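Student: Chain by chain, the residues:
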Amino acid sequence: AQSSVVMFGVIDTSIGGFSNRAEDLNGPTLLNPTYLNRGSVKTSRTELRNSAYNSSRFGFRGTEDLGGGLAASFWLEAPITNDDGQQGLSTFARRSTVSLSGGFGELRLGRDYTPSFWNETVFDPFGTNGVGTNLIHTVINGSFAAFGPAITPVPGITNVTGNSSVRNSNSIGYFLPRDLGGFYGQAMYALHENTKYDPGTATPPGVSAAGLLNPGTVATTRTGRYFGGRFGYQNGPLDVAVAYGNTTTGDSFYAGTTSYLKVATLGASYDFGPVKLFGEIARAKRETEYDIAPLAGGTPDVDLDGYLVGATVPVGPGLIRVAYSQVKYDFNLPLSFAGDPKANKFALGYVHNLSKRTALYATVARVRNKNGASLTVGGPAFFNAPAGVFTPKTSTGYDLGIRHAF
Amino acid sequence: AQSSVVMFGVIDTSIGGFSNRAEDLNGPTLLNPTYLNRGSVKTSRTELRNSAYNSSRFGFRGTEDLGGGLAASFWLEAPITNDDGQQGLSTFARRSTVSLSGGFGELRLGRDYTPSFWNETVFDPFGTNGVGTNLIHTVINGSFAAFGPAITPVPGITNVTGNSSVRNSNSIGYFLPRDLGGFYGQAMYALHENTKYDPGTATPPGVSAAGLLNPGTVATTRTGRYFGGRFGYQNGPLDVAVAYGNTTTGDSFYAGTTSYLKVATLGASYDFGPVKLFGEIARAKRETEYDIAPLAGGTPDVDLDGYLVGATVPVGPGLIRVAYSQVKYDFNLPLSFAGDPKANKFALGYVHNLSKRTALYATVARVRNKNGASLTVGGPAFFNAPAGVFTPKTSTGYDLGIRHAF
Amino acid sequence: AQSSVVMFGVIDTSIGGFSNRAEDLNGPTLLNPTYLNRGSVKTSRTELRNSAYNSSRFGFRGTEDLGGGLAASFWLEAPITNDDGQQGLSTFARRSTVSLSGGFGELRLGRDYTPSFWNETVFDPFGTNGVGTNLIHTVINGSFAAFGPAITPVPGITNVTGNSSVRNSNSIGYFLPRDLGGFYGQAMYALHENTKYDPGTATPPGVSAAGLLNPGTVATTRTGRYFGGRFGYQNGPLDVAVAYGNTTTGDSFYAGTTSYLKVATLGASYDFGPVKLFGEIARAKRETEYDIAPLAGGTPDVDLDGYLVGATVPVGPGLIRVAYSQVKYDFNLPLSFAGDPKANKFALGYVHNLSKRTALYATVARVRNKNGASLTVGGPAFFNAPAGVFTPKTSTGYDLGIRHAF
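Residue numbers (the numbering used here), protein chains in the order written: chain G, 6 to 411; chain B, 6 to 411; chain W, 6 to 411.
It is possible that some hints are incorrect.
Any copy, or any two copies together, can satisfy a pair, since identical chains are not distinguished.
SDA-like mimics (lysine to any residue), calculated; alpha carbons at most 25 angstroms apart, straight line [as the list claims (entries may be wrong)]:
no., residue 1, residue 2
1, Lys361, Glu28
2, Lys267, Gly72
3, Lys375, Tyr259
4, Lys201, Ser49
5, Lys47, Tyr259
6, Lys398, His357
7, Lys398, Leu105
8, Lys201, Thr396
9, Lys375, Leu324
10, Lys267, Ala390
11, Lys361, Glu111
12, Lys47, Thr293
13, Lys267, Gly74
14, Lys375, Val307
15, Lys267, His357
16, Lys267, Glu28
17, Lys290, Trp123
18, Lys398, Asn240
19, Lys361, Arg66
20, Lys281, Ala392
21, Lys361, Val10
22, Lys375, Asp203
23, Lys47, Asp184
24, Lys375, Thr317
25, Lys361, Val11
26, Lys47, Pro279
27, Lys290, Ser49
Since the hints were derived computationally from the structure, they do not count as laboratory data.
The model shown is predicted, which means the values in this text are computed figures rather than measured ones.
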């Protein structure tokens, strides 16, 4: 039995520093002629961190050859926090799947990455890890992905449950076979697992997605469903892919509303040899649909547009990494004269490979926020007391660490 | 060191559907001549599930030969929820034992299955997993086994603690040696681990089993103790066994009461070759004993009688499974004219073995409830709002899945 | 990949019994001439326990040779509760590190033992496990080490987070190289990971160490920092070492106070062959420093002095263990006439090795408390209701168990 189980993992530890500056942009006005500007406040922190180059993990996997080209396999992968040891193999929240594969491709059941996530990380020189993470991912997996039933956090155990823009539980995935002349693709459907009431009018108001009484929320019967896909072409130095994902982030049976997070991305990379170029464009939308369109007062859509350009340059056993990303929100507020919030980020790093498995790395990054955007490279939030006085400006940070894989 | 550790496990994933129907059986009465019957309400759900054929698990075990026929061994086995990845190796709640074994048999310490559980699962063609699980187990491990200190559930982590009719922590087990001409047997005692006060009158009122102040409950000094045993005979096609288990489910030092869950079962199977037959009869009792018998108003015993008949039929690489089980409650209410609640279940399934380790399976099952019994094959509860209007009727469900062992 | 991962562990299970006696030492007084002495109350408990000889654990570790004398390695070790299976590999709270080592020594990052802990356990014949644990460790890791942010316990999962006198998260450790003619040494610095505000007057009052609003506490900006070291000499039968540790246990930005736990120890052992002798002296201090010394009303320091003498005697495949330890508190209360609380402990045990990996063991121990000290060998607390009536006296206990390593 044992011969069929492979253990694998990554331990990535770094010292990370963050410094985030907010400014009081107000001055004396006619109504408040004695206003005293509060200047700027910097919040900073130094941490021993994990996962700043590759995500720390520990997993078990295995494959059984069933004959006739058919194979069964499993993959159980835990996120671990090796800086404090608090999260061991408590969950297999990174991936937890069983697969049946053959000439038809692969059918995969369980918890897995969403297809729409892959473009965010594959075409980012920093792979959505550490201070260099591109802003598209920061937003789509951050404030944009605040959906699903609220989870009581367990001390020390993050990622304990729930779906995100990165991963879905209770999913059915399909992957195209590998030998399609460079073409590749996958699709995923994730079940919402809500209780359905027949007749529908029996649906209890104030019921949670799991069918439990949950005062304060409204009846949800479709929340949690996801479908998405990714299709690409890889040949020689070229890799290009499109992806789309649609998550039902909320619904109210009686109000007749359904909310979605929709993400569409196009990414590409081209390896010239001395330099490899990366690019990605993304559009995300938080949308509320109405069974009966309201005359006024409906929730407006929130749009996000973003792009990324980057490059990696091999130097001996090392790799220089550089990326620039930008995002812009559109809140679709009809009577607002304020400019759309936007932010950009520049990241520069170097990875020094001691071996295939072990590397030292350093990254620096800086985010500039405009018009009220409040994105950081990590660390403490922008200073904001009393509320509304300070405006988030720059966020800078660094990672200095070691990645050991096994 | 490593050579002594074996990893093993099961990943079982299925798509499961449930549909449970409750009916309003009321009509207009003299007191309420305008009563409007509410008809029936069906609650249904589709899930990606785990453990519908074999329980999903991941374990480590090993044995050391100490010479002279003596051996030391350990077994650590975690329940995992591979459909959502939420429960990894957080607990070893399935089994967590160290053993010393030799010519005398085996002494086993830790958390283990109760002897009384084995008859429930060994003589069930569906092995107490999935929609086909026999009703005897459904009740004894469900409403009948609601004992022990209440545990705050950790999100995503079931089975985090506590004893049940299936497993006990803090247990001392003994197993007969293997070579007794077909006879086998085991016994278990589980420590209650409560604090004892001497003199007894110092026992604090309102103290929990762990000795902590716990307003609202009464002093418990024996709650959590279990003893039980199982004895059987297996030879050729025949396997037959009796089992008994006694759990102290509650006690009050000052009230002079002690409550028990007592379970007695007799099961057998006979393999004719083209068909293997299964049978089980069970009696369970929830009982409250009084140091001084009350003249009136004592808590009456609740009895449960159940039986199971089943069969499996090998067909090529597959196996047809069929079972019928029935349970009947007796609440021993002296002045009640209502019929005793009872329920029966029919389950039919097919397992298709792709290899020894990997199988596809399908099961369908249906429960019929009478006189207020409210058992389901799984999924959402029967509709019950407002309380008392609807009467649980039928519950149907299916599992369609894959089991991969390693 | 798999070849690089080694699994290892210890399963230690025992039956342990505890009996702790408190006495009412009061009698009739002039003010209360009819006082009825309540005698003594014994609280006792029998448990199935883990870790009474060696701590139960399960771990994964591996090393990669990087060439040129350089190596990278990892170590992930979980505490497990094998008596009840509740704590599996939920955390790697025993140790969770990645290291880079070479001719310069070893650099180690993550969660690890504090240097100051090692003297407490290495020079104790009972290794700070079970009823025989020396009192120095009992106090320093008990009431003296009650620091850090309060953690909501997760049912069944101890050690889920946080620093203690034994281990620190977010630490950077350095170890001297091994070939220094018998000299050895290590140093550790652990980051506090608090948010810093610039200007400092922006520090929010009532903010927790993590930067979250936390009404009722005061701004902490340095709490959680640790530094310490250990230096020793081992040659032939002799081993001697000094250690020091300093934990910032609390601070208040606006009050200008900082609190520390400081521990200094000196330990030695000498192996005469038929008998090995052990000795340790320790001084610990809980201290509050003031930016501006208060004229009166400051928090006085609490001092702890302790010593240990012990011996082990090999007898065939077994080992007799004996130890005596004593601790004395000094609360530095200027106007108190009460004697300083103190306690002593005598422990005697025998370990019978069935093999290198498997052993049976038995230990008995007794603590005597004086002047209000309330230390136990384990088990339930001393009886104390109503508060102040009873005075803790003796605590006795035993362990009878099996240790199986792999």
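Student: When Cα atoms must be at most 25 angstroms apart, do lysine 398 and histidine 357 count as within-copy, between-copy, both, or neither?
Tutor: neither (32 angstroms within a copy, 62 angstroms between copies)
Student: With identical chains, the pair lysine 375 and threonine 317 could be close in the same copy or across copies; at 25 angstroms between alpha carbons, which is it: within, between, both, or neither?
Tutor: neither (28 angstroms within a copy, 70 angstroms between copies)
Student: At most 25 angstroms between C-alpha atoms: does lysine 361 with arginine 66 qualify within a copy, between copies, both, or neither?
Tutor: For lysine 361 and arginine 66, both the intra-copy (21 angstroms) and inter-copy (18 angstroms) Cα distances are at most 25 angstroms.
Student: Within, between, both or neither: how does the pair lysine 361, valine 11 come out at a Cα-Cα threshold of 25 angstroms?
Tutor: both (18 angstroms within a copy, 20 angstroms between copies)
Student: Indicate which option fits the pair lysine 398, leucine 105 if close means a Cα-Cα distance not exceeding 25 angstroms: within, between, both or neither.
Tutor: For lysine 398 and leucine 105, neither the intra-copy (50 angstroms) nor the inter-copy (38 angstroms) Cα distance is at most 25 angstroms.
Student: State whether the alpha carbon distance between lysine 201 and serine 49 is at most 25 angstroms within one copy, between copies, both, or neither.
Tutor: So lysine 201 and serine 49 pass the 25 angstroms test across copies only (5 angstroms; inside, 48 angstroms).
Student: At most 25 angstroms between C-alpha atoms: does lysine 361 with valine 10 qualify within a copy, between copies, both, or neither?
Tutor: both (22 angstroms within a copy, 16 angstroms between copies)
Student: Evaluate lysine 281 and alanine 392 at a C-alpha cut-off of 25 angstroms and name the case that applies: within, between, both or neither.
Tutor: neither (44 angstroms within a copy, 66 angstroms between copies)
Student: Is the C-alpha distance from lysine 375 to valine 307 at most 25 angstroms within one copy, between copies, in both cases, or in neither?
Tutor: Close inside one copy (17 angstroms), not across copies (53 angstroms); limit 25 angstroms.
Student: Please work out whether the CA atoms of lysine 267 and glycine 74 approach to 25 angstroms or closer within one copy, between two copies, in both situations, or in neither?
Tutor: Classified as neither; 37 angstroms inside a copy, 52 angstroms across copies.
Student: From the Cα coordinates, with 25 angstroms as the cut-off, is the pair lysine 375 and leucine 324 best called within, between, both, or neither?
Tutor: neither (32 angstroms within a copy, 66 angstroms between copies)
Student: When no copy is named, should lysine 361 and glutamate 111 be tagged within, between, both, or neither for a Cα gap of at most 25 angstroms?
Tutor: Result: close only across copies, 21 angstroms inter versus 29 angstroms intra.
In terms of the numbered hints stated before, the structure departs from hints 1, 2, 3, 6, 7, 9, 10, 12, 13, 15, 16, 18, 20, 23, 24, 26 and 27, listed from lowest to highest.
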